[in-house]
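Engineer: Could you build the full structure based on these sequences and the hints that come with them?
Given next are the chains, with one letter for each unit.
There are 2 protein chains.
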Amino acid sequence: SPWRALLQRALDANAHLKHSTFFQLVSSHTISPVPLPLDTLTDGRSFQATVGAAGRPANRTVVFRGFQEQCDKIQINTDARSNKIGEIREWPLGEICWYFTDSWEQFRISGIIDVIDGSSLDPAKLQQREKAWFASSVKSRSQYLGQSPGVPVANDDHIKDVHIDPSAGPVDAYCLLTLDPEKVDYVNLKSNQRLMFTRTQEGDEFNDWMAEKVSP
Amino acid sequence: SPWRALLQRALDANAHLKHSTFFQLVSSHTISPVPLPLDTLTDGRSFQATVGAAGRPANRTVVFRGFQEQCDKIQINTDARSNKIGEIREWPLGEICWYFTDSWEQFRISGIIDVIDGSSLDPAKLQQREKAWFASSVKSRSQYLGQSPGVPVANDDHIKDVHIDPSAGPVDAYCLLTLDPEKVDYVNLKSNQRLMFTRTQEGDEFNDWMAEKVSP
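Each protein sequence line maps, in turn, to chains A and B. If you count the first sequence from 1, position 50 lands on 50 in full-length UniProt numbering, and the numbers rise without skipping. If you count the second sequence from 1, position 158 lands on 158 in full-length UniProt numbering, and the numbers rise without skipping.
Just so you know, the hints here were simulated from the structure itself, not pulled from any lab data.
The list treats identical chains as one, so a pair stands whether inside a single copy or across any two.
Below, in silico cross-link-like pairs of lysine to aspartate or glutamate (DMTMM-like), each with a Cα-Cα straight-line distance of 25 Å or less:
id, residue 1, residue 2
1, K190, D79
2, K139, D102
3, K18, D102
4, K73, E182
5, K213, D12
6, K183, E90
7, K190, D102
8, K213, D79
9, K131, D114
10, K131, D72
11, K73, D12
12, K213, D102
13, K73, D208
Note that this is a predicted model, so its numbers are computed, not measured.
Structural biologist: Here you go:
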């Protein structure tokens, strides 16, 4: 894909910064249908329509875990117990905003997110999840044995040290997300150039990428 | 507000980094009601219900332009011709994700966004907009005289130099956004501590902030 070369160049140019692999992931907020007031028809029957009510958008910093092999899917590790999992399952469109602080480049990458936890029925996906689990450090794996994220803790609670067997496979709380890019909006704030990459669809097949220069 | 002290400390600790005032703003995507298939009732009348269809979430890097005086509203400059304006008008909930790369602190600030362009009927808001306009550099003001963002440009187009009268007031394309925080989710990745601040509402008045320590 044409944007992968730009992204690789940005990763290389910013590799000396620990935070260069951090980006912001926004998932679509929950769409919960809200019933409209009960309406009565002239024939005495009543019906209830619903409108889509939008919740709140959610935005959080996550870490780039590389591309999936042989494709452009971006991998992210996450805790299956966090709020975003439910949100993403309901509405799987997401957008990454990745700003490279040294080279002044921004990539906005939008696409479909796939949630791969231990309940997946696809052996290939379970294998990807296992691979991504072993690719992360033992320290980061041990986070998934801690308390659920966002649960109130008492002030005198100590974070317990948890030990994890380095050879043990993924725990239940470990979830792999993959984002399959459909559109990449690239802007370079030094050269003041912006490129828009769009994946073109033909029938059931996504094939090529189209690039267009747009005003910044 | 209790979280303001934490944010000020983070701003001070990261002040040597040009990008410390950059954060990611996500606006809710467009909610466009989609008509359901026409339904016919037993009395022969037809009705059409709609469901909410969600578009795509949008996430972009913007610059912190300070707090509005005497309150906690966060100011952001934007181009009235960009897509986000329409999105925000339709659904004004937004979330900021602000990661401080040196101190490893993340603030997720969610709240209501107000769009203040030249068409505002509120003299106080127009005054805020003018003030924010003059507070930004002449160079950044001149951006609003350029081409609309995201419009295709030919490869041989040269970016024209635009000159702006430093004493001239805000141009049409200049828009001030303010985000009024309702919830602040703070996490410090060095100390592994997380605090959740929530504004409490009593009747029509928002008054106090509640802080709770939660698991990271």
